[in-house]
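J.: Residues per chain, in single letters:
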Amino acid sequence: MASATQDPASTSPGGSGGPAQPRRALWRQVGSRIIALREGSIILITIIVAVYFSANTSTFFTGGNFETIMPYFAPLAILAAGEVFVMILGEIDLSIAAMYLFAPIIYYKLNTSLGLPLGLALIGALLLSMVVGAVNGIFVAVIGINSFVATLGTLFTFEGLSLIISKGTPVATPGGQIPVGTFGKVFGAGTYSELIWAIGIVALLQVVLTFTRWGLHTVAVGSNKLGAAEAGVRVNLVVIRNYMLCALTAGLVGVFEAIRSQTVQPNPAGPNEILFLAVAAAVIGGTLLTGGSGTVVGALIGALFLGILKDGLILQGVQANYLLFYTGLAVIIAMAANVYVGRVRRGHTGSG
Amino acid sequence: MADAGGPKVVGPTSAPDDVLRVEHIAKRFGPVTALKDVNLHLKKGEVLGLLGDNGAGKSTLIKIICGFQRPDAGKMFLQGEPYEPRNVDDARRRGIETVYQDLALIDELSVYHNLFLRKERVHRPVPLLANRQMKREARVALDEIGINIPRIDVAVARLSGGQRQAIAVARSVSSDADILLLDEPLAAMGAKEGAQILDLVARLKDEGRVSIIMILHNYVHVLQACDRVSMIQDGAIALDKPTSETSVEELTDIVVNEYRRAREAAHAEQARQQQQQQPS
Numbered sequence: 001m002a003s004a005t006q007d008p009a010s011t012s013p014g015g016s017g018g019p020a021q022p023r024r025a026l027w028r029q030v031g032s033r034i035i036a037l038r039e040g041s042i043i044l045i046t047i048i049v050a051v052y053f054s055a056n057t058s059t060f061f062t063g064g065n066f067e068t069i070m071p072y073f074a075p076l077a078i079l080a081a082g083e084v085f086v087m088i089l090g091e092i093d094l095s096i097a098a099m100y101l102f103a104p105i106i107y108y109k110l111n112t113s114l115g116l117p118l119g120l121a122l123i124g125a126l127l128l129s130m131v132v133g134a135v136n137g138i139f140v141a142v143i144g145i146n147s148f149v150a151t152l153g154t155l156f157t158f159e160g161l162s163l164i165i166s167k168g169t170p171v172a173t174p175g176g177q178i179p180v181g182t183f184g185k186v187f188g189a190g191t192y193s194e195l196i197w198a199i200g201i202v203a204l205l206q207v208v209l210t211f212t213r214w215g216l217h218t219v220a221v222g223s224n225k226l227g228a229a230e231a232g233v234r235v236n237l238v239v240i241r242n243y244m245l246c247a248l249t250a251g252l253v254g255v256f257e258a259i260r261s262q263t264v265q266p267n268p269a270g271p272n273e274i275l276f277l278a279v280a281a282a283v284i285g286g287t288l289l290t291g292g293s294g295t296v297v298g299a300l301i302g303a304l305f306l307g308i309l310k311d312g313l314i315l316q317g318v319q320a321n322y323l324l325f326y327t328g329l330a331v332i333i334a335m336a337a338n339v340y341v342g343r344v345r346r347g348h349t350g351s352g
Numbered sequence: 001m002a003d004a005g006g007p008k009v010v011g012p013t014s015a016p017d018d019v020l021r022v023e024h025i026a027k028r029f030g031p032v033t034a035l036k037d038v039n040l041h042l043k044k045g046e047v048l049g050l051l052g053d054n055g056a057g058k059s060t061l062i063k064i065i066c067g068f069q070r071p072d073a074g075k076m077f078l079q080g081e082p083y084e085p086r087n088v089d090d091a092r093r094r095g096i097e098t099v100y101q102d103l104a105l106i107d108e109l110s111v112y113h114n115l116f117l118r119k120e121r122v123h124r125p126v127p128l129l130a131n132r133q134m135k136r137e138a139r140v141a142l143d144e145i146g147i148n149i150p151r152i153d154v155a156v157a158r159l160s161g162g163q164r165q166a167i168a169v170a171r172s173v174s175s176d177a178d179i180l181l182l183d184e185p186l187a188a189m190g191a192k193e194g195a196q197i198l199d200l201v202a203r204l205k206d207e208g209r210v211s212i213i214m215i216l217h218n219y220v221h222v223l224q225a226c227d228r229v230s231m232i233q234d235g236a237i238a239l240d241k242p243t244s245e246t247s248v249e250e251l252t253d254i255v256v257n258e259y260r261r262a263r264e265a266a267h268a269e270q271a272r273q274q275q276q277q278q279p280s
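These protein sequence lines are chains A and B, in that order. Mapping of the first sequence onto the numbering used here: residues 1 to 352, in sequence order. Mapping of the second sequence onto the numbering used here: residues 1 to 280, in sequence order.
Here are the simulated lysine-lysine pairs, DSS-like style, with alpha carbons at most 27 angstroms apart:
hint : chain 1 : residue 1 : chain 2 : residue 2
1    : B       : LYS192    : B       : LYS135
2    : B       : LYS119    : A       : LYS225
3    : B       : LYS205    : B       : LYS119
4    : A       : LYS225    : B       : LYS135
5    : B       : LYS119    : B       : LYS44
6    : B       : LYS241    : B       : LYS36
The calculated label-pair distances, taken between Cβ atoms and stated as ranges, are:
hint : chain 1 : residue 1 : chain 2 : residue 2 : range
7    : B       : ARG124    : A       : ALA134    : 26 to 34 angstroms
8    : A       : TYR340    : B       : SER160    : 22 to 30 angstroms
9    : A       : PHE148    : B       : GLY208    : 48 to 56 angstroms
The hints are simulated quantities; they were obtained by calculation from the structure and are not laboratory data. For glycine and all other residues, C-beta sits at the position ideal for the given N, C-alpha and C.
With the rest of the complex left out, here is chain B (with noise of 0.2 angstroms):
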């Protein structure tokens, strides 16, 4: 019943320098469907912004890409290799690092555990932890991302959202990923905080090592930080544009739009329901 007037659906899309390419994915949880087909692809040192609803569908994309769910149906390609990771594990070893919206951190765990979690350093010959190095490193990780973290050895219960926040992102950023996928990587933060991790990001794109796909809500953060957008709406992109070809009124728009359709279909409904009781 959503196709009837629906928003415009984007195919396949593809570019010579691709990382990433999302063809035909579908996902459905029992009687919902989050994605019903959605293509995506990501160049080699962009920042591309997902947009999209509440329930569009935007985390479970990233949760397919990072290998914590399957898909149901459609393929996916890194580096022009066929790809399909079996877990969180297999897509980080592929070089997928990802930023959970929950954020993924572990309140018991100190800061630097957390950090290094499943990616831990350990002593040859016996496996133990190497605390002292682990601390180390984390404070040269952190210190290089920018991010002030005044406490690293206590547990990450203590600290505020923004600075989970921080901590989650470090954790994706300080890896050799090749591809950073961040799920509202800006949600319980400060102004200042996420100006930070903006900038992060900002530096990250000057080098041009890494790639990123990023959920944001504010269309202004969009246009900022990425070079290029995404839109899902109803489980499939229906819009993708270089962020210099676009505005915050066009994206708006789009929203807009999107909602009085999905009104007036609601309305529709609705009186074609109470049309089928009157006769009774």
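Isolated chain A, as found in the complex (with noise of 0.2 angstroms):
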């Protein structure tokens, strides 16, 4: 649970508690520990949560529960992750949606009208998300466009695009039928097929963020990105193999999930909503919208955050019309938290 840029450990202050009151501080030097961690406050949060839907719904503490809420949150956590490196970068790409939507169509049609095997259609979808990542890091780096306007247009473009060569008509993913192939269950079909590949994603992702140069020069662009320059941080090619890698994690959840449903939807309403949740899941775990700092491992709390609420307030017996109401007030709680949290941690590390 690494985050991007501290040394925890070395700056725990609880440790002054003295002799006297032994127990008590201990209690304190864990606390702080906690706290010192990016994602101490979503950890603590999830937790709380999770303890509270344990003790007032019988079902939620069981297997069979914890295999509903995975479909929901491996996804975001996979999304949430690529789009932690970019808003790292104090940008944001709203495009993921699309090529959520944009990527299982291309991997449909790679197998159907090309016929290329299943393999090499997922492998043509991806790059092609990530040519379109690189658009659009290109007009955000090189063309100065803000990101927001930036990939809201490759969002609609991206959207409509797919719409224009599905035809608006849903087809039968390509290794997702029954009997599922061992492509199918590895990618997106097999129960835990998500699972693993978004533990996987979101460990890799922050190795990457937090131990590799890559990472390094991320947080360098974010935090100033002049002065990195002045460094010799090449800015752009930062910027853009960023965009690169977000679409591609977003591509390859699109046709995860194409896979899982058996059927690929060329309906732009649940990408949409996916890509909300997948900022939202960043942002609780703890990295900024300004940018300069951020956390891999917090954007799958976060998701894990919003899949546990939502299945927890379903066990509840919350009627359905209240759901959205409710997580929305549960993420404002949340990043209330945080930022508190967040206060209180700073004035102990001093680090951002």
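Build the complex from these two chains, which are given one at a time in their own frames, with help from the hints.
T.: Following this line, the structure appears as structure tokens:
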């Protein structure tokens, strides 16, 4: 659970509790250790929410229910993981919803119209997503269009293109039909497939963010663009490749979901909702919209929080019409707690 | 209009042991002319002080030499070879390191990550950051330079202005550069920290390995730390002298005269405009 810049273990201030109150000092130390983590507040909040639902419903803490939550939060976690990198740059990528829609349609077309094998069709769809990501990056970094506007443009364009190519008709996903083959099971249809991908991708991307030049330069550009450029960081390249990464994760999740649900649905409504949930997961997890800092693991926990919340509210028998309302309130409360804990943390460790 | 009665302009100069020569460099930003015709040379092991009023073009010149900006006209020569840096990396590969006026530090990153930005040490074969090695090397480099930073694993946002400046200087000094460009290395520093940096420059000069161009504001510092002084006025070099042949008085006089000349020019311009307006 490392975060991008700091070293929480060495900055824990709780150790000064003194020998007179060893137990309290220990608790304080544990508390400040968690708070010192960038993801600390959302971990606490998620645990509290999970405990609350476990206590109030008999069915929440069961294996069956975990399988209900999983397909909701796993794709969200992967999407948010990619979005985190763009958000650390201080930018945003709205077009992930379009890639989520576009990639499975390309995957379908490459397989059925060109007759490519499933694996090659998947690679082709992902490569095309990355090209769109590169276009986003060029708009933002080279041409200098505001990222919200630029990716709003590509969002509409590629959702529109998806409708044109598919003629607006749902089709059966290649590789997703029963009996599902190994390919389908690996890429979305298997019970734990998306969960394993989500954990693997989040772990990999957290390592990339914390322990590689890629991550270091991403933080540098997001924190001080001019300074990074003066130090020799190739800012444009950093921006472009992070948009490509973000588009790649979005396209991948799109294909996973199409295979899992057995149909390629050319309907932008679902993807657009998922886009906002992914941004919410990243933000709740502790990534700033202003750039310069962020955490992939936090985004995973943010997605888990959203999944637990929705599932728990349903299990509690909350009326469907109230669901979005409560989700909104919970997001606001979680964010407020985040900001507060973040301020405490900065007060302790000083690093943003 | 600045030419009439303006400061004299130094033409291309050179010495046999030049590491860097800058000839007829010009740079415009839209309607603003930052540099008109700059000629400069830097000898091996020399410390050159660059003086000039705010907006005279000192920082622009530094940014052109270090590859951050490209000149509109003019030529540069590095060790006698034509030198046209494509970017900062390119300049750095050819041995030119820079401390920018805005320091180019990343607040979010730790001291040692800042020191190694773009020169990160990584493991092989999996290119993960070799943080422990970087911490160790950063500590050694800072100690060698004689800069006291208590903690090198904290974000630089937590450091004082002087410490930040010191890290920016350390970043360029700890590399094996042939030429150091220091844009106001003493800004934001207290007297003690400033003295440390000047000591460091003096030590580097004694070693004789690197050549340094340093922008300074304090004439006493210039005379103390530099071998030679160049003054930019109106986008061109107006004075180029060994520090042994000049004095605080002479440097001050030049600036005072420049102010007087600029004020007279402004008055003349005002009078001319008023005359033009009266007939109508």
